[in-house]
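A.B. asks: Sequence:
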Amino acid sequence: MKASIFFLSFLCISCYVTLSVSAKQGDALKRLHNAKFLRKTSEDDVVNVYTTSLPSNEVRVLPQEKLKEKDRIVKLPGQPNVTFTQYGGYVTVNEQDVIEL
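FYI, our numbering numbers position 38 of the sequence shown as 46, with every residue one higher than the one before it.
Derived from the structure by calculation, the hints contain no laboratory data.
Heads up, a few of these hints could be off.
Pairwise CB distance ranges (calculated) [what the hints assert, rightly or not]:
| hint | residue 1 | residue 2 | range |
| --- | --- | --- | --- |
| 1 | V67 | L37 | 39 to 49 angstroms |
| 2 | K83 | F14 | 39 to 49 angstroms |
| 3 | L46 | T91 | 56 to 66 angstroms |
| 4 | H41 | K74 | 46 to 56 angstroms |
| 5 | S17 | K38 | 24 to 34 angstroms |
| 6 | Q72 | Q94 | 12 to 22 angstroms |
| 7 | S22 | G86 | 20 to 30 angstroms |
| 8 | D79 | T26 | 29 to 39 angstroms |
| 9 | N42 | F92 | 46 to 56 angstroms |
| 10 | Q87 | L37 | 39 to 49 angstroms |
| 11 | V25 | K76 | 54 to 64 angstroms |
The beta-carbon is built from N, C-alpha and C at its ideal position, and this holds for glycine as well.
Could you build all of it, start to finish, from the sequences and the hints given here?
C.D. replies: Right, here's the structure in full:
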C-alpha cells in the first residue's frame, strides 16, 4: 500500500516537473523567434551587405608550386593503410578576405 502511494506521488511530481520545464523551453523559443524576426534593420545595413558582396570580374591564378604535395594525406587516424595516394586541401577564393573552400 505504501509503495503504491509512493509510486503515484512520484509519478504526479515527475509529470508536474516535466510540464513546467517544457513551458520554460517554449517561452524561450518564443522570445528567440520574436527577437529574430521582429528585429528592425535599417536601409543602410541592407545596402552595405549587397554592395560589399558584389562579385569581382577580375580572375587571378596564384602560384601552385608544391601545394599538392603539402596536401597529401599519408594516413588517417584509426583507418587502415591504403595503396593509393589521396589529397586533401582547400581552394582560396578571395585572398584579401581570406575566403577558403
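A.B. asks: The structure should be examined with respect to each hint, and the outcome stated for every one.
C.D. replies: Status of each hint after checking the structure:
no.	hint	verdict
1	V67 <-> L37: 39 to 49 angstroms	holds, 46 angstroms
2	K83 <-> F14: 39 to 49 angstroms	violated, 58 angstroms
3	L46 <-> T91: 56 to 66 angstroms	holds, 59 angstroms
4	H41 <-> K74: 46 to 56 angstroms	holds, 51 angstroms
5	S17 <-> K38: 24 to 34 angstroms	holds, 32 angstroms
6	Q72 <-> Q94: 12 to 22 angstroms	holds, 18 angstroms
7	S22 <-> G86: 20 to 30 angstroms	violated, 41 angstroms
8	D79 <-> T26: 29 to 39 angstroms	violated, 51 angstroms
9	N42 <-> F92: 46 to 56 angstroms	holds, 54 angstroms
10	Q87 <-> L37: 39 to 49 angstroms	holds, 41 angstroms
11	V25 <-> K76: 54 to 64 angstroms	holds, 59 angstroms
Comparing the model with each numbered hint stated earlier shows that hints 2, 7 and 8 do not hold.
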